[in-house]
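Each residue of the sequence shown is one higher than the one before, counting from 763 in my numbering.
Derived by calculation from the structure, the hints in this document are not laboratory data. Computed from a predicted structure; not experimentally measured. Be a bit skeptical, because a hint or two may be false.
To be verified - Subject to a maximum C-alpha distance of 16 angstroms in a straight line, what follows is the list of computed EDC-like cross-link-like pairs (lysine to aspartate or glutamate):
(1) K931 x E969
(2) K1018 x E971
(3) K991 x E895
(4) K1033 x E1004
(5) K1035 x E1009
(6) K950 x E969
(7) K925 x E844
(8) K879 x E844
(9) K991 x D1022
(10) K1014 x D983
(11) K1035 x D983
(12) K962 x E917
(13) K806 x E847
(14) K858 x E844
(15) K991 x E909
(16) K939 x D983
(17) K927 x E971
(18) K1176 x D1129
(19) K925 x D944
(20) K1064 x D1045
(21) K1064 x D1129
(22) K879 x E924
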Amino acid sequence: MDFKKIVFIISFLTIFGFLFNFGILTTEAAGSYNLAVSVIGKGKVTGPDVNCGPNNSCLISYPPNASVTLTANTIPIVTSTEIWEFAGWSGACTGKNFNCTFIMNSNRSVTANFKRKQYTITVNMLIGSGTVEITNHFIAICTRLEEDINSIKCEENYNINEKLKLTVKPDIGWTFKGWGGDCYKKGKSLTCEITMDNHKSVNVSFESEKPRVTLTIYIDDGLGKVTGKVNNLSSPDGTICERGENETGVKKCEQKYDRDSSITLTAIPNKDKGWIFKGWGGDCYKKNSTRPYCTLNMNSVKFVHVFFQKNTYILEVIPFGFGKVTSNPFGIDCGTKIGPAEKIIKSENCKTEYSPGTMVTLTPWPDKNWMFQNWGGSTTPKKGEKYHCSEFGKNPCNLRMNSDKRLYPIFLPKVGISLTDIENELASISAAISRIAEQVKELLKINETGSR
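Let the hints inform the model, and build the full structure from the sequences given.
So this is what it looks like as structure tokens:
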């Protein structure tokens, strides 16, 4: 349909809907309300005294408070490339349900919108420099430049069963490597024809006619990513390698560059998860290894290692028995002891954070008639590490915060005390727990009485 005609119909229906809604225009005597029905696209609306066809408008009168149900109907297929579907209501009806019911307690207008059924073609330009032209009634162009680090994705919508012709055009210095996706059977042919009988996806790759060398990046530890920029090209950084939260082991990534090109790498830690940049290795080791930037001349194959580390490490202490543990620097004050009147006293500063490399001294303080036995937990030293808590009964303990650590200091009743002393100690604990239980019961009674 001519575009000017569509604009005229929409304007006409909008003005008439306004006039009818406000009762300015009416064709019926007082005591009835007008319903203006509009159909946009190839479909129709039916209902009581309503049979409104494609791209048309209809006017119907109803008595006050009449219940009206309208139904949106698709029409039979015109051609294989022209299938229309219901897109939804506007006006007195909303949503995409085919049926709509309302009460005629005023003048109303309803519009049923129909649209041609379409499918999407996605062109993924994976690597290299060139264009893909999609030819139909017009030409859509998808372009990937040499300086683009990441792949380029282009999407276009076409009518169902429409036939398309895709043509690849490599830039100077590049050759077409081949198709993938729904065109993979075409190999290295420069054209591919597709019928849009469903959503389609096509992959395109170019390869340089210049010699290429490989850059291999290893993210050995931590969370973060490495971006790269070809220095002689005006382009933003693109991600070359990224190690995510759920990935384990060393992350390895490869990227090819023209021989003798200059590449600047940037290491970006995942600060939201508490990681910072630690340093470079490999071919970036001597290039400002503590700064997150590294420039390489790609005159040969290159290997780069990237290291991230935690901004802080967590130290957690979980004591067993009666006693507590304190730390220097301060942060840990954790344990349980029996105070006056057999009252159980807890110190609950059991978890804290330290900067990487911090030396922490932990000191156990056993309660009366208890002794410190030994340490446990994730304290096994790394190769060459002298500071740990794995020695039996070592007191105090010095450890270096080079990872998250969790310790389980164990306190036991003293050897040599009588069974009666142990029984009295246990009885004191039991009595203290009983008193706490009674106090809780009393509080519950008071709360219950106050709420009545």
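Here is how each hint holds up against the structure:
1. K931 x E969: This hinted pair holds, its Cα atoms lying about 12 angstroms apart.
2. K1018 x E971: The hint holds at about 13 angstroms.
3. K991 x E895: Status violated; Cα separation ~28 angstroms.
4. K1033 x E1004: Holds: K1033 and E1004 sit about 14 angstroms apart, inside 16 angstroms.
5. K1035 x E1009: holds, 14 angstroms
6. K950 x E969: With Cα atoms ~12 angstroms apart, K950 and E969 stay inside 16 angstroms; holds.
7. K925 x E844: Roughly 13 angstroms between the alpha carbons, so the hint for K925 and E844 holds.
8. K879 x E844: holds, 7 angstroms
9. K991 x D1022: Given pair K991, D1022 holds - Cα atoms ~14 angstroms apart, limit 16 angstroms.
10. K1014 x D983: Status holds; Cα separation ~11 angstroms.
11. K1035 x D983: Roughly 13 angstroms separates the two Cα atoms, so the pair holds.
12. K962 x E917: Judged against 16 angstroms, a Cα distance of about 10 angstroms means the pair holds.
13. K806 x E847: holds, 11 angstroms
14. K858 x E844: violated, 21 angstroms
15. K991 x E909: holds, 8 angstroms
16. K939 x D983: violated, 35 angstroms
17. K927 x E971: violated, 26 angstroms
18. K1176 x D1129: holds, 10 angstroms
19. K925 x D944: Given pair K925, D944 holds - Cα atoms ~14 angstroms apart, limit 16 angstroms.
20. K1064 x D1045: With a Cα-Cα distance of about 6 angstroms, the restraint between K1064 and D1045 holds, given a limit of 16 angstroms.
21. K1064 x D1129: violated, 60 angstroms
22. K879 x E924: holds, 11 angstroms
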